[in-house]
Amino acid sequence: MFLTDEEKAVLDGSEGEARAHAMDLMVRYAKALGAERLVETNNVCGGVVGSLPGRRDVLPEDKRHDMNAVYSLLNLDSDKTLDIPPVKTNTYRLIEAMDADLYDVQGVGEETQRLVRETTAFCQKSGYQLCNTCTPYQVGNVPLFGEHCAWMESSAVIYINSLIGARSNVEGAHSTAAASLIGKIPYWGYHIPENRRGTHLVEVEYPIDNMLDWGLMGYYVGEKVQENVPVFTGISGVPNANKLKHFGASMASSGGVEMYHIVGVTPEAPTRDVAFGGNRAQETIRFGRAELEEAYSWFSTAKDTDVDFVVLGCPHGSLEQVRLVAGLLEGKRLSANTDLWMFIPRSIKAIADRMGYTDTFRKAGAYLMTDSCAALSKVSPKDVKTAATDSCKQAHYLPATMGFGTWLGSTEQCVNAAISGKWTGGLE
Amino acid sequence: MTVIILKGRPVVEGVAEGEALVTRQTISGFGGINNQTGEITEVRHELRGKSFKGKVLVFPGAKGSSGWASHFQTVRLAGAAPAAMIFNITTTKMALGAVVTRVPAVTDLDQDPLDVIETGDWVKVDGNTGTVTITKPDRKDGA
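Protein sequence lines, in the order shown, are assigned to chains A and B. Each step along the first sequence adds one to the number in the working numbering, with nothing skipped, and position 38 is 38. Each step along the second sequence adds one to the number in the working numbering, with nothing skipped, and position 32 is 32.
So that you can see chain A by itself, here it is in the shape it has in the complex:
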């Protein structure tokens, strides 16, 4: 594997022990991939491991509150406690374990609150931007076309690869942590133009319209193509960002899709030929009403029509989605037996406060929450048996991580369920 003189120097300790370790880890990772070299990145989005109880149990008891020790082991796979220096690249934090203000409502225990405070202080010190969102691209980190990034969250990677033309693989906690310290990532996978070309053709024969349709189509195609690059034809008009946010998140949940093309919409697919770039489609998949119904039938984890918990904002919601939900909640009151939590980035919450949406939610008995997520942060109201969500990704994970039977429907159906306490939704 080729290393520049500068990379070799860092490996030999020219920038200190922590960056030397990060470079060593990066080189071993690049060799494991079969990469020929590294590439520079100045855009890293990663998770800081160690805010949820249990994750630090692998450390000796006297090291569990030493953030250098926690980060060295859990984020850099170093047995030795390194003195972690400031990040070298622009680095953005993904989801945290709780809402920084509403942790009591979320039922977060004191131990987690302490771990979160420690992790937060560590990020502040090292320059790790506390965006605490799975959608950094909604809150100011919009990479440029062709920009090499090292992002971790699969729904965000598929978004920036496909819709913006930025270049990232789905990284892990250790590779993003190392990248943040040295500004390098293996030149492999979707960093290389040839690998971004389409491999499978999807002929869409049904007017895909609302967010649920897009989510279901993504879920169906992800299951079929796994790690490949689907090219969609037959989409009329330009969909909006919210719909494609759900579309990509679904494809990355049921399969491992990190890149797709929509002919005439996404930047690397002005035509079908350009999208395939000389590749022959390995398979052609037809997507019509029957496939939409089949995908919906895979979400059959709920039986009870009494809904205890409605989860919106997966991936984190946009202002447009907040406005839609606030409009549906205006002048209404949630059922006494049902909670509604919508998860959004903190800076979008600031605007929601200013617009009065937060008040509308509160008057209805619902919450706008930040920094966190039901399935990943493992937060929920007490005694939930049945949940409802407008997100295929959340409906994919909630039964597994929280044990909730989960209904899937449109945003409107979910809000109605929170108001009436009853699920009456379904595929329209």
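Please note that the accuracy of each hint is not assured.
In silico DSS-like pairs for lysine-lysine, Cα to Cα no more than 27 Å straight-line [unchecked claim]: (1) A:Lys243 to A:Lys422; (2) A:Lys382 to A:Lys363; (3) A:Lys378 to A:Lys363; (4) B:Lys124 to B:Lys50; (5) A:Lys125 to A:Lys80; (6) B:Lys136 to B:Lys124; (7) B:Lys124 to A:Lys31; (8) A:Lys63 to A:Lys378; (9) A:Lys31 to B:Lys7; (10) B:Lys53 to A:Lys80; (11) A:Lys31 to A:Lys88; (12) A:Lys31 to B:Lys53.
It is worth saying that the hints were derived from the structure and are not from the lab. Predicted model, so just to flag it, every value in this text is computed and none were measured.
Given the structure of chain A, go ahead and fit chain B onto it with the hints provided.
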């Protein structure tokens, strides 16, 4: 007793041997394994209830959440890691996961290991050279 040698690409250095545990299904980190025992927990998985602890794990590759490597790192720290890994499909999850599991690993073998290796075979993995040595026990049924 039959001995078969396969050649491939080294992924993680080191040499280890053990009994093979083979699956044709990819393995999920988050929601797919018990990271204290090395047991496969995914509901629809053919190895559900079996542990890869101390075994040479032969599988197509990694799937699921980007936390894959963190889960396999925890497996290692809990003392439940496989002895070695042999896989077919290289992804970022798989490569980073192999690195932090810190066991010898190889891929891109000259024959499909899922066809050649059976659960119970004795397998030596040389992660320095990419060589896999498979010793098949004599089977009484002549198969």
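Okay, the hints, checked on the actual structure:
A distance of roughly 26 Å separates the Cα atoms of A:Lys243 and A:Lys422; the hinted pair therefore holds under the 27 Å criterion. The suggested pairing of A:Lys382 with A:Lys363 holds, with an alpha-carbon distance near 21 Å, which does not exceed 27 Å. At most 27 Å may separate the alpha-carbon atoms for a hinted pair to count; A:Lys378 and A:Lys363 meet this at roughly 25 Å. Annotation: proposed proximity of B:Lys124 to B:Lys50 holds, straight-line Cα distance about 21 Å (limit 27 Å).
Our distance criterion of 27 Å between C-alpha atoms is met by A:Lys125 and A:Lys80, whose separation comes to about 20 Å. At roughly 12 Å between alpha-carbon atoms, B:Lys136 and B:Lys124 fall within 27 Å of each other, so this suggested pair holds. For the proposed pair B:Lys124 and A:Lys31, the alpha carbon gap of about 21 Å is at most 27 Å, so the pair holds. Annotation: proposed proximity of A:Lys63 to A:Lys378 holds, straight-line Cα distance about 25 Å (limit 27 Å).
Between A:Lys31 and B:Lys7 the alpha-carbon distance is near 17 Å, which keeps this suggested pair within the 27 Å criterion. For a cut-off of 27 Å, the pair hint linking B:Lys53 to A:Lys80 stands: about 25 Å separates their Cα positions. Of the supplied pair hints, the one linking A:Lys31 and A:Lys88 holds, its CA atoms being roughly 23 Å apart against a limit of 27 Å. Straight-line distance between C-alpha atoms of A:Lys31 and B:Lys53 comes to about 25 Å, which keeps the hinted pair within the 27 Å bound.
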